[in-house]
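A.B. asks: Sequence:
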Amino acid sequence: MTRSGQSTAPADQHDVITVHGARVNNLRDVSVTIPKRRLTVFTGVSGSGKSSLVFGTIAAESQRLINETYSAFVQGFMPTLARPDVDVLDGLTTAIIVSQERIGSDPRSTVGTVTDTNAMLRILFSRLAVPHIGGPPAYSFNTPTVHGSGAISVGTKRATKATFSRLGGMCPRCEGRGSVSDFDLTALYDDKLSLEDGALKIPGYSMDGWYGRIFKGCGFFPADKPIATFTAKQLDALLHKEPTRIKVDGINVTYEGLIPKITKSMLSKDRESMQPHIRAFVDRAITFSTCPECDGTRLAEPARTSRIGQTSIADACAMQISDLAAWVRSLDEPSVGPLLDALRDSLDAFDRIGLGYLSLDRPAGTLSGGEAQRVKMIRHLGSPLTDISYVFDEPSVGLHPHDIQRMNELLLQLRDKGNTVLVVEHKPELIAIADQVIDLGPGAGSSGGTVTFEGTVAGLKSSGTVTGRHLDDRASLKVDVRRARGTLPIRGAHAHNLRDVDVDIPLGVLVVVTGVAGSGKSSLIEGSLTGRDGVVVVDQTPIRRSRRSNPATYTGLLEPLRKAFAKANGVKPALFSANSEGACPTCGGAGVIYTDLGMMAGVSTVCEDCEGRRFQPEVLGYLLGGRSIADVLEMSAGEAEPFCAEVKLPAAERILARLTDVGLGYVTLGQPLTTLSGGERQRLKLAAQMGEQADIYVLDEPTTGLHLADVERLLALLDRLVDSGKSVIVIEHHQAVMSHADWIIDLGPGAGHDGGRIVFEGSPADLVAGRSTLTGEYLAAYVGS
Numbered sequence: 001m002t003r004s005g006q007s008t009a010p011a012d013q014h015d016v017i018t019v020h021g022a023r024v025n026n027l028r029d030v031s032v033t034i035p036k037r038r039l040t041v042f043t044g045v046s047g048s049g050k051s052s053l054v055f056g057t058i059a060a061e062s063q064r065l066i067n068e069t070y071s072a073f074v075q076g077f078m079p080t081l082a083r084p085d086v087d088v089l090d091g092l093t094t095a096i097i098v099s100q101e102r103i104g105s106d107p108r109s110t111v112g113t114v115t116d117t118n119a120m121l122r123i124l125f126s127r128l129a130v131p132h133i134g135g136p137p138a139y140s141f142n143t144p145t146v147h148g149s150g151a152i153s154v155g156t157k158r159a160t161k162a163t164f165s166r167l168g169g170m171c172p173r174c175e176g177r178g179s180v181s182d183f184d185l186t187a188l189y190d191d192k193l194s195l196e197d198g199a200l201k202i203p204g205y206s207m208d209g210w211y212g213r214i215f216k217g218c219g220f221f222p223a224d225k226p227i228a229t230f231t232a233k234q235l236d237a238l239l240h241k242e243p244t245r246i247k248v249d250g251i252n253v254t255y256e257g258l259i260p261k262i263t264k265s266m267l268s269k270d271r272e273s274m275q276p277h278i279r280a281f282v283d284r285a286i287t288f289s290t291c292p293e294c295d296g297t298r299l300a301e302p303a304r305t306s307r308i309g310q311t312s313i314a315d316a317c318a319m320q321i322s323d324l325a326a327w328v329r330s331l332d333e334p335s336v337g338p339l340l341d342a343l344r345d346s347l348d349a350f351d352r353i354g355l356g357y358l359s360l361d362r363p364a365g366t367l368s369g370g371e372a373q374r375v376k377m378i379r380h381l382g383s384p385l386t387d388i389s390y391v392f393d394e395p396s397v398g399l400h401p402h403d404i405q406r407m408n409e410l411l412l413q414l415r416d417k418g419n420t421v422l423v424v425e426h427k428p429e430l431i432a433i434a435d436q437v438i439d440l441g442p443g444a445g446s447s448g449g450t451v452t453f454e455g456t457v458a459g460l461k462s463s464g465t466v467t468g469r470h471l472d473d474r475a476s477l478k479v480d481v482r483r484a485r486g487t488l489p490i491r492g493a494h495a496h497n498l499r500d501v502d503v504d505i506p507l508g509v510l511v512v513v514t515g516v517a518g519s520g521k522s523s524l525i526e527g528s529l530t531g532r533d534g535v536v537v538v539d540q541t542p543i544r545r546s547r548r549s550n551p552a553t554y555t556g557l558l559e560p561l562r563k564a565f566a567k568a569n570g571v572k573p574a575l576f577s578a579n580s581e582g583a584c585p586t587c588g589g590a591g592v593i594y595t596d597l598g599m600m601a602g603v604s605t606v607c608e609d610c611e612g613r614r615f616q617p618e619v620l621g622y623l624l625g626g627r628s629i630a631d632v633l634e635m636s637a638g639e640a641e642p643f644c645a646e647v648k649l650p651a652a653e654r655i656l657a658r659l660t661d662v663g664l665g666y667v668t669l670g671q672p673l674t675t676l677s678g679g680e681r682q683r684l685k686l687a688a689q690m691g692e693q694a695d696i697y698v699l700d701e702p703t704t705g706l707h708l709a710d711v712e713r714l715l716a717l718l719d720r721l722v723d724s725g726k727s728v729i730v731i732e733h734h735q736a737v738m739s740h741a742d743w744i745i746d747l748g749p750g751a752g753h754d755g756g757r758i759v760f761e762g763s764p765a766d767l768v769a770g771r772s773t774l775t776g777e778y779l780a781a782y783v784g785s
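Quick note, the sequence shown lines up with residues 1 to 785 if you use full-length UniProt numbering.
By construction, these hints were calculated from the structure, which means they are not laboratory data.
Backbone N, C-alpha and C define an ideal beta-carbon position, used for all residues, glycine too.
There is no bait here: all hints are sound.
With a Cα cut of at most 25 Å, we get these calculated BS3-like pairs of lysine-lysine: (1) LYS247 - LYS225; (2) LYS572 - LYS648; (3) LYS216 - LYS241; (4) LYS563 - LYS648; (5) LYS241 - LYS261; (6) LYS36 - LYS376; (7) LYS225 - LYS261; (8) LYS264 - LYS241; (9) LYS201 - LYS225; (10) LYS461 - LYS36; (11) LYS233 - LYS261; (12) LYS247 - LYS216; (13) LYS264 - LYS216; (14) LYS567 - LYS648; (15) LYS726 - LYS478; (16) LYS192 - LYS241; (17) LYS201 - LYS216; (18) LYS685 - LYS726; (19) LYS225 - LYS241; (20) LYS216 - LYS233; (21) LYS201 - LYS241; (22) LYS225 - LYS192; (23) LYS417 - LYS376; (24) LYS216 - LYS192; (25) LYS261 - LYS201; (26) LYS264 - LYS247; (27) LYS247 - LYS261; (28) LYS264 - LYS201; (29) LYS216 - LYS261; (30) LYS685 - LYS563; (31) LYS233 - LYS264; (32) LYS201 - LYS233; (33) LYS192 - LYS261; (34) LYS247 - LYS233; (35) LYS233 - LYS192; (36) LYS36 - LYS417.
Each pair of labels, with its calculated beta carbon distance range: (37) TRP327 - GLY534: 43 to 53 Å; (38) GLU608 - ASN252: 33 to 43 Å; (39) ASP315 - GLY527: 17 to 27 Å; (40) ALA280 - TRP210: 23 to 33 Å.
Based on the sequences and whatever the hints tell you, model everything.
C.D. replies: Next up, the structure:
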């Protein structure tokens, strides 16, 4: 029986997934029964334990068990996965996780390469294009042309030397990147100084370590003379010399010029995945421009001039996918019939999933979290596999209400093929299609981790849980809107699909920018405002995560805490960092000892010396307000706020207040960032950046990961920002945020080349009254007008 009094699980034990005694993260001996071949939605406030149950327990154990079916040799090359802390997990099927994680950081990855659609196009062109230039690698911008010689043998004849050539599609000038870089040498070094005196300005290039020993001992230039005095040959060696084996202090090492080394170590990564100080250096030192040889197509000349009809593979990849699908359907070539069928299916899947506005040459790193998640779905929509468990993390993220209905159809399609679909979700429109709902709570963090309801959607509404009470919430339109204190003009915006857009953004008010996915919202706002003085952009790019990073370190909260502990006890601040002098020497400040068992799952155990508290015993003896530094880091943000007020730390209080304001009052200060959900990490970024001196805040879908009950708190925060004199611009699909706006800018009318225009500017009430756009229609239905 369920907590709602209704039985929803099939009687046969083989038709259910059984979880008993799950204790991952904040779960408190959770036990649930999940029906197979049904769509189950997991709900609850942010931090209630949904992801811990679905991803950290069920999906994690499924993947671990699958890995164990491979040979020990193969397992040696795979990541080791620990068994989740759970008593019983029975009835598991193969789990496929479709998450919001960004797709890699390699600038060579595009929408086409990550979905294998590019691979099919390359085969197509290698069969049909004229002139014929070779096999599929000849059309790949990731494959260079190779010339060489080697030994060959024919029959029983003696091996002879022969030359060979393999034609690749990579543009030789930009090496398949589509852009070339120019270095500002003044940002690399101060030529008035010698290397020994610290001429280099490159992050991490210190003369105290191995770099210094190599520069001093390489013999290619004098390290004790100002760089301005170098000869042309010496300067060329410093900047451009290819990797060369040398001996320094009796040790064999490799010397490489600054520019090729920076290119490999920094420019091989997507910009958004760089650490902030590296990104700042790259922005300062390097200018990128479209490759003049391939005009940004990444392809060598033979691949650009080989065509099917009038279309090259570069033309095909640059098309909007919905247009490319039409072009592929126009091809009638029986010799490649099966290939054309597969390509059509793949391209049609993009359209069905609401991504027909993309192009195959779009860099994968530029996709939003929601777009990345839907791109990952492409592989599975046409799969003949059944009885799979598909696990989704808020698939409604980034979707306009108009698009959520299409997403619902796709989830039901996966279910109806005989698969188990597990969805973590907050949106009522998606919760409504569930066969079963499992609600966790009642609160977040230590106040959550229990199952508060199992049953149908109708049962959830009458259950009395936080989710049930808010499921039918509807916001009302703001009657009294604020008046603007001026405008921020944007003129001729043409990034991506924007059509020379001119718009004046009101200042001193809450502006919400809306439109279907792909209509040009982020291109208009982030593309036009990022980098301007006084503008802080809180977007969806991931924050760097490690087990040693936590909310206290990320927000800067640890700094005033360390100084206060040091002052109160007359010792150094470094003692109060688990990453510095105060760290437990046994575990290195990690709190756990990790044992690598090779191809088997590694084991992490609590450090016996510090008992998981991460600090040396003497450090824990230093107190502030009767608490040790470990005690404070074990507090939630909400608990730490009155403590910091008691010990008179206003700087820390302000940071903690911002964490509470963004709905993270339940998060523990020392909790590793690796345990936070995507929505939690974005709100943590918002809390950190709210402390910066800014006049304009740009927020990209701040409701991501927010429960219905928390949206109200977010709106109150936005109001406080505006009332304090700030201008707030929000890119958002949530109707509650739209209805709360002072001014709405709606883009569209569609996506891709059907969008890129301003279709409405005005108050929410005027948008609803006119119902002239898709957003207006859905907002009117939401508020009941």
